[in-house]
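J.: Chains as they are written, first to last, in this note's numbering: chain A, 3 to 318; chain B, 3 to 318; chain C, 3 to 318.
FYI, nobody ran anything at the bench for these hints, they're computed from the structure. Any given hint might turn out to be false.
Since the list gives no way to pick one copy over another, a pair counts as held whenever it fits inside one copy or between any two copies.
Below, a list of computed lysine to aspartate or glutamate pairs in the EDC-like style, where the Cα atoms sit at most 20 Å apart [claimed, not checked]: (1) Lys131 - Asp83; (2) Lys134 - Asp289; (3) Lys180 - Glu167.
In case you want the letters, here they are:
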Amino acid sequence: MKLFSSVNDVSNIHQIVSEAISQKQNPFADEQLGKHKTLGLIFLNPSLRTRLSTQKAALNLGMQVMVMNLDKEGWALETQDGVIMNGTTVEHIREAAGVMGEYCDVIGFRSFPGLVNREEDYSEEIFNKFVKFCGVPVLSLESAIRHPLQSLADLVTIEELKKTEKPKVVLTWAPHVKPLPQAVANSFAEWMNKADYDFVITHPEGYDLAPEFVGNAFVTNNQDEALAGADFVYVKNWSSYNDYGKILTDGEGWMMTNEKLKLTNNAGVMHCLPVRRGLELSHEILDGPNSLVLNQANNRVWAAQAVLKSILESLT
Amino acid sequence: MKLFSSVNDVSNIHQIVSEAISQKQNPFADEQLGKHKTLGLIFLNPSLRTRLSTQKAALNLGMQVMVMNLDKEGWALETQDGVIMNGTTVEHIREAAGVMGEYCDVIGFRSFPGLVNREEDYSEEIFNKFVKFCGVPVLSLESAIRHPLQSLADLVTIEELKKTEKPKVVLTWAPHVKPLPQAVANSFAEWMNKADYDFVITHPEGYDLAPEFVGNAFVTNNQDEALAGADFVYVKNWSSYNDYGKILTDGEGWMMTNEKLKLTNNAGVMHCLPVRRGLELSHEILDGPNSLVLNQANNRVWAAQAVLKSILESLT
Amino acid sequence: MKLFSSVNDVSNIHQIVSEAISQKQNPFADEQLGKHKTLGLIFLNPSLRTRLSTQKAALNLGMQVMVMNLDKEGWALETQDGVIMNGTTVEHIREAAGVMGEYCDVIGFRSFPGLVNREEDYSEEIFNKFVKFCGVPVLSLESAIRHPLQSLADLVTIEELKKTEKPKVVLTWAPHVKPLPQAVANSFAEWMNKADYDFVITHPEGYDLAPEFVGNAFVTNNQDEALAGADFVYVKNWSSYNDYGKILTDGEGWMMTNEKLKLTNNAGVMHCLPVRRGLELSHEILDGPNSLVLNQANNRVWAAQAVLKSILESLT
Numbered sequence: 003m004k005l006f007s008s009v010n011d012v013s014n015i016h017q018i019v020s021e022a023i024s025q026k027q028n029p030f031a032d033e034q035l036g037k038h039k040t041l042g043l044i045f046l047n048p049s050l051r052t053r054l055s056t057q058k059a060a061l062n063l064g065m066q067v068m069v070m071n072l073d074k075e076g077w078a079l080e081t082q083d084g085v086i087m088n089g090t091t092v093e094h095i096r097e098a099a100g101v102m103g104e105y106c107d108v109i110g111f112r113s114f115p116g117l118v119n120r121e122e123d124y125s126e127e128i129f130n131k132f133v134k135f136c137g138v139p140v141l142s143l144e145s146a147i148r149h150p151l152q153s154l155a156d157l158v159t160i161e162e163l164k165k166t167e168k169p170k171v172v173l174t175w176a177p178h179v180k181p182l183p184q185a186v187a188n189s190f191a192e193w194m195n196k197a198d199y200d201f202v203i204t205h206p207e208g209y210d211l212a213p214e215f216v217g218n219a220f221v222t223n224n225q226d227e228a229l230a231g232a233d234f235v236y237v238k239n240w241s242s243y244n245d246y247g248k249i250l251t252d253g254e255g256w257m258m259t260n261e262k263l264k265l266t267n268n269a270g271v272m273h274c275l276p277v278r279r280g281l282e283l284s285h286e287i288l289d290g291p292n293s294l295v296l297n298q299a300n301n302r303v304w305a306a307q308a309v310l311k312s313i314l315e316s317l318t
Numbered sequence: 003m004k005l006f007s008s009v010n011d012v013s014n015i016h017q018i019v020s021e022a023i024s025q026k027q028n029p030f031a032d033e034q035l036g037k038h039k040t041l042g043l044i045f046l047n048p049s050l051r052t053r054l055s056t057q058k059a060a061l062n063l064g065m066q067v068m069v070m071n072l073d074k075e076g077w078a079l080e081t082q083d084g085v086i087m088n089g090t091t092v093e094h095i096r097e098a099a100g101v102m103g104e105y106c107d108v109i110g111f112r113s114f115p116g117l118v119n120r121e122e123d124y125s126e127e128i129f130n131k132f133v134k135f136c137g138v139p140v141l142s143l144e145s146a147i148r149h150p151l152q153s154l155a156d157l158v159t160i161e162e163l164k165k166t167e168k169p170k171v172v173l174t175w176a177p178h179v180k181p182l183p184q185a186v187a188n189s190f191a192e193w194m195n196k197a198d199y200d201f202v203i204t205h206p207e208g209y210d211l212a213p214e215f216v217g218n219a220f221v222t223n224n225q226d227e228a229l230a231g232a233d234f235v236y237v238k239n240w241s242s243y244n245d246y247g248k249i250l251t252d253g254e255g256w257m258m259t260n261e262k263l264k265l266t267n268n269a270g271v272m273h274c275l276p277v278r279r280g281l282e283l284s285h286e287i288l289d290g291p292n293s294l295v296l297n298q299a300n301n302r303v304w305a306a307q308a309v310l311k312s313i314l315e316s317l318t
Numbered sequence: 003m004k005l006f007s008s009v010n011d012v013s014n015i016h017q018i019v020s021e022a023i024s025q026k027q028n029p030f031a032d033e034q035l036g037k038h039k040t041l042g043l044i045f046l047n048p049s050l051r052t053r054l055s056t057q058k059a060a061l062n063l064g065m066q067v068m069v070m071n072l073d074k075e076g077w078a079l080e081t082q083d084g085v086i087m088n089g090t091t092v093e094h095i096r097e098a099a100g101v102m103g104e105y106c107d108v109i110g111f112r113s114f115p116g117l118v119n120r121e122e123d124y125s126e127e128i129f130n131k132f133v134k135f136c137g138v139p140v141l142s143l144e145s146a147i148r149h150p151l152q153s154l155a156d157l158v159t160i161e162e163l164k165k166t167e168k169p170k171v172v173l174t175w176a177p178h179v180k181p182l183p184q185a186v187a188n189s190f191a192e193w194m195n196k197a198d199y200d201f202v203i204t205h206p207e208g209y210d211l212a213p214e215f216v217g218n219a220f221v222t223n224n225q226d227e228a229l230a231g232a233d234f235v236y237v238k239n240w241s242s243y244n245d246y247g248k249i250l251t252d253g254e255g256w257m258m259t260n261e262k263l264k265l266t267n268n269a270g271v272m273h274c275l276p277v278r279r280g281l282e283l284s285h286e287i288l289d290g291p292n293s294l295v296l297n298q299a300n301n302r303v304w305a306a307q308a309v310l311k312s313i314l315e316s317l318t
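Please construct the entire structure, taking both the sequences and the accompanying hints into account.
T.: Written as structure tokens, this is what we have:
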């Protein structure tokens, strides 16, 4: 693999899930594979899980890791072409990406959306430019509209714990105080569609995801209907795609609780973290036996390790 | 050892001092011990000596190190239970600690006190919650009321240089322009009490440390009386414990100088650093032969290495 | 080598260029040399290329690397002697440097000029104090008035690509919106003088570099005259040395373009980066075949590796 930016970059999702589980069982089996190879982790936005889990995965594979928080340690990047750079941006992404490609064999890159201009965000302009100009294999550490390492870890978590071949998986919108990207929801949806589960999305009116991500999912504004018999419930806030980047409702009644859990098939409750307790998810669920959030976080390591292994194997 | 948060976590202080000195003589003797083990260093507050010395100690032991400045690279943590997180805190310490425990075999954690609510600070709430929810061995990189790695390095320094079995050790308050935690003074006092030296504490009125830390020390507001015949003088500012977190005096006359050194038994002068020159300690002392501040800083490595070794040996 | 702060610290520039090219051809040939040696990279100012390339060079040599962004992770340093530190500076450079020398075998240090007091900046006070008080070998990661790792990488780039023994090399001033240090221009000039090329400097009136850096260069305010027949053109902004730290002109007409390239001998165009596109250098040049900026960036690794190798060999 030369690029890991969406589910479409993976030729066989079952194979990469198997690889992740295999890495989990034997974390140091491939520690010679990354010898003399350097992974650069470039963040334009904050990160905790993604940074630590990807760093750990790379170290397990014997790689060297260099972390650069460009937003804090570096400077503002220009992403528009042809402009006169006489303002506050200090370096163009063409040079910045090119230079980092000179120092790294593989690069992980994170850049959040602006949530102002939908067309711009959904074109993945910054991520795609970075990929183009760095000239080395790139894995997404979350881009404007996707978070594929998270989704792969989520898929691994479900595959490890599912009791039926085609579990019912529900993605439910949850309230939040800040407008958040659609990235995690988009990515989860496209991976679930590919996994061919019984996949349902539920959210208040006005929060429909982009059609290319919804795919074949059943969509309803009735959360209770969605939750009925669910094996896994993925809780996540996102801001509106149609009224782009906006918060349309305070979402009263949409928080996931033990009461709602009764509607499900004793579902495992998932969240990518960080989670707002008492707002997105109740304390009782997070502290109870149905929470899978730490399983998901743990699986971030093995998802990253499977992806990095595949990238390392593709290096000449 | 599964936890290093105070002198009480050490079964035998003479043994751990010996271990630190042994590591100093042969820094790479145990470099296989930490193979495939990851140390996370999590800072909610700035650090220079603690970060570098602990990182170095872990590398000497063959560990991988991941540093996370949560205050700068991450986001604000919620520490209260049961609240609705609809404010500025982005993640609860339950999840943040739990996740970091998934990625690290051992964690070092730093969190300073607020210096507003004494009961809260002295309950070590944040540190204790982190320990509880991360689920892996933790060493304190300074908590609200203790700085045990500093104190162990201080003890090593005294043990290396003392000329009598029970040297006279004086902890003297010094002036400062900002209200500082009592952590270093508290910790130094509890380690000196355990070491069973001739231990004296001197400070202006109103700066008494908490009784559980003072222990059997002789306490006086007369600095000259305290310094008389001292073998080691530890200079440190702290804010008031009784009038919690307050500065009660500008401390004129309390700065340690060569003039005062004459009262002592040619004492070694100690400070944990960073030190305010010309305010806490005179330039002449810091630039003179009695200063032990770099000895202490150097011993931070071996203190951390002895603690990490003991923790690594306890991992199954 | 115990110190790398300027071209004068290098006994033979041809030899160190050869060493850099040799490291480039075989990056891991000396990976045992740095075993058990720690490089500290201390930044008082932001860095991208310098940090990543020096970190990579050290890892190639088998060293451990600890990065400290003192401006962000640490605190403000006091550099004046004899003052009462009752203000905003938290630690004196004497202690900060001394402590870091206890933890590192070699230190890289970056400190930019204030551009207010010329005498102070040109005395290299902060850099020299750091060197003095840390007590271990130091390599400059850019000081107030020099950037020697950049210049060595630039020299390697020219040596790799030159077609004549003594190429014509032109350093041309370029417009910028912020007052920048003279460091890169100064350093480039002193390395070019040492290399004994046909070296020309061109800039608008008032932008003369300090005489000790100009050396034997031919200086002209006529850019076209300077560019005529050039083999290499180094484009760089700097603020005024005479009217210290000031911007004297918006520099209209001084941007390097393809039109001006026609005056040259199909010159290779160089810049240390970050570059302001459309202001210092045209988009067409940066995206065209004459740009050497990524060659220079790549050679930063091998320049640093040659310097670090020489320093490591000098350690007892």
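J.: Hint by hint, note whether the structure agrees.
T.: Here is how each hint holds up against the structure:
1. Within a single copy, Lys131 and Asp83 get their C-alpha atoms as close as 10 Å, which meets the 20 Å cut-off; across copies the closest is 43 Å, which misses it.
2. In this assembly of identical chains, Lys134 and Asp289 lie within 20 Å of each other by CA distance solely across copies; the values are 13 Å between and 44 Å within a copy.
3. In this assembly of identical chains, Lys180 and Glu167 lie within 20 Å of each other by CA distance neither inside one copy nor across copies; the values are 37 Å within and 62 Å between.
Hint 3 from the list above is the single one not met by this structure.
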